[in-house]
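> Line by line, the protein sequences are chains A and B.
Quick note on numbering: UniProt numbering labels position 268 of the first sequence as 268, and the sequence is numbered without any gaps.
Quick note on numbering: UniProt numbering labels position 42 of the second sequence as 42, and the sequence is numbered without any gaps.
Derived by calculation from the structure, the hints in this document are not laboratory data.
Careful: at least some of the hints might be erroneous.
Simulated crosslink set (BS3-like; lysine-lysine; CA at most 25 Å straight-line) [claimed, not checked]:
{"#": "1", "chain 1": "B", "residue 1": "Lys85", "chain 2": "A", "residue 2": "Lys277"}
{"#": "2", "chain 1": "A", "residue 1": "Lys87", "chain 2": "B", "residue 2": "Lys35"}
{"#": "3", "chain 1": "A", "residue 1": "Lys76", "chain 2": "B", "residue 2": "Lys85"}
{"#": "4", "chain 1": "A", "residue 1": "Lys87", "chain 2": "B", "residue 2": "Lys77"}
{"#": "5", "chain 1": "A", "residue 1": "Lys87", "chain 2": "A", "residue 2": "Lys76"}
{"#": "6", "chain 1": "B", "residue 1": "Lys35", "chain 2": "B", "residue 2": "Lys77"}
{"#": "7", "chain 1": "A", "residue 1": "Lys222", "chain 2": "B", "residue 2": "Lys85"}
All figures in this text were calculated on a predicted structure; none of them were measured in a lab.
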Amino acid sequence: MKIAIASGKGGTGKSTVAANLACTLSRTREVALVDCDVEEPNLHLFFPGSAVDVPVTTPVPEIDPARCTLCGECGKFCRFGALSVLKDRVLVFPHLCHSCGGCSLVCPQGAVREVPRTIGRVACSCPVPRLTLVSGILNEGEVQAPAVIRAAKMLAQGHPLILYDASPGIACPVIETLEGSDACILVTESTPFGLHDLRLAAEVVERIGIPAGVVINRSDGKDEETIEFCRERGLPVIMTIPFSREIAAVQNRGGLIAALLPGWEEWFAGLFEATVKIAGVSP
Amino acid sequence: MIVGITARAAGTDAPVEQRFGRAPYFVFVDTETGKAESVENPLVDAAGGVGPRTVQIFSEHGATAVITGQVGGNAAKALEAGGIKAYAYRGSGSVADALAEYTAGNLQPLPLA
């Protein structure tokens with residue numbers, strides 16, 4: 001079973017929910033936690049431990065000058081400007097390349113060869129018994145987050161229970177994370193900003209066709225608008241985490257409330273049960 | 001020699017455009033014959049990577065010098081590799097005005113490397 005944790009808005013508590021859920025589940029079963037927020041992965045702060053790195057590469061063109069006739073077909077084809085066909089050579093801009101492979105297909109001379117270029121890595125660790133942490137890490141200055149997310153998800157593939165912690169927003173990296181999930185936990189906060197972005201995220205999971213439930217984090221007890229929205233959209237509210245100094249203090253130290261505060265392990269176990277019910281598949 | 005100038009419209013009376021890859025038009029002037037050719041920029045609304053692709057257009061038209069406001073890093077690299085010199089024109093005049101300044105040797109070269 002695969003559960004994605006997403007939000008739309010940043011800072012609502014996706015990683016908090018993902019980490020505490022993983023911590024709770026690891027007490028009784030094998031669980032893989034995948035950090036898909038590859039531009040700023042931070043789940044390792046909750047689960048420190050030594051990791052093994054696997055590089056992530058993406059294919060980019062290399063021109064064979066012996067075969068190239070400077071016909072210009074590759075440069076005309078590339079909509080990202082990764083190839084400039086000049087008078088005496090073809091200039092390749094690897095960081096502009098989106099790895100579509102089109103240049104090697106249109107080249108009439110077979111002068112374009114694809115070579116791997118490292119854009120990031122996936123760090124794998126086993127920080128606590130029964131928990132595998134897989135963190136995708138995109139190198140600075142790179143744009144192909146989905147490729148690193150894909151690699152991180154692939155390395156977790158085969159685990160019977162996988163949690164995907166998404167990045168904020170609703171663009172390509174989030175879509176890539178949601179792909180193939182059986183259920184999605186949408187984490188929101190009871191502010192106009194949280195609700196605004198929850199609407200966007202709810203629309204995305206609905207379009208992709210992933211059943212979802214909502215966690216209201218930092219609740220001040222006045223969540224009527226959020227609850228009303230969830231009711232309208234048929235999204236069950238499956239957990240409410242109160243706005244509390246005690247919780248914030250644990251969180252700010254990089255601690256897990258499921259491990260350190262009484263009651264939370266049971267509540268996160270309940271969150272898992274509710275998510276399983278939403279997914280409608282056997283865990 | 002052929003000089004390419006970034007412009008807001010076609011013809012040598014058009015105002016010079018400061019942006020390189022996002023300029024609506026390129027005007028190529030043959031300094032020997034005075035003949036000018038205006039080319040609509042197909043990359044105005046392109047997603048990205050317009051700098052190097054624009055250099056390719058200049059290269060195809062045989063330009064050995066560019067007059068524009070400024071160029072980005074990728075465009076500079078492609079211009080350098082293509083042996084095309086770039087000159088800065090920051091005035092509000094026409095393509096013809098910029099060309100006159102260039103011919104008089106008043107334009108500063110843009111750093112490319």
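> Evaluate each hint against the coordinates.
Here is how each hint holds up against the structure:
1. Lys85(B) x Lys277(A): violated, 66 Å
2. Lys87(A) x Lys35(B): holds, 22 Å
3. Lys76(A) x Lys85(B): holds, 23 Å
4. Lys87(A) x Lys77(B): holds, 14 Å
5. Lys87(A) x Lys76(A): Answer holds: lysine 87(A) to lysine 76(A) is near 14 Å, not above 25 Å.
6. Lys35(B) x Lys77(B): Given that 25 Å is the threshold and the Cα spacing comes to 29 Å, the pair is violated.
7. Lys222(A) x Lys85(B): violated, 64 Å
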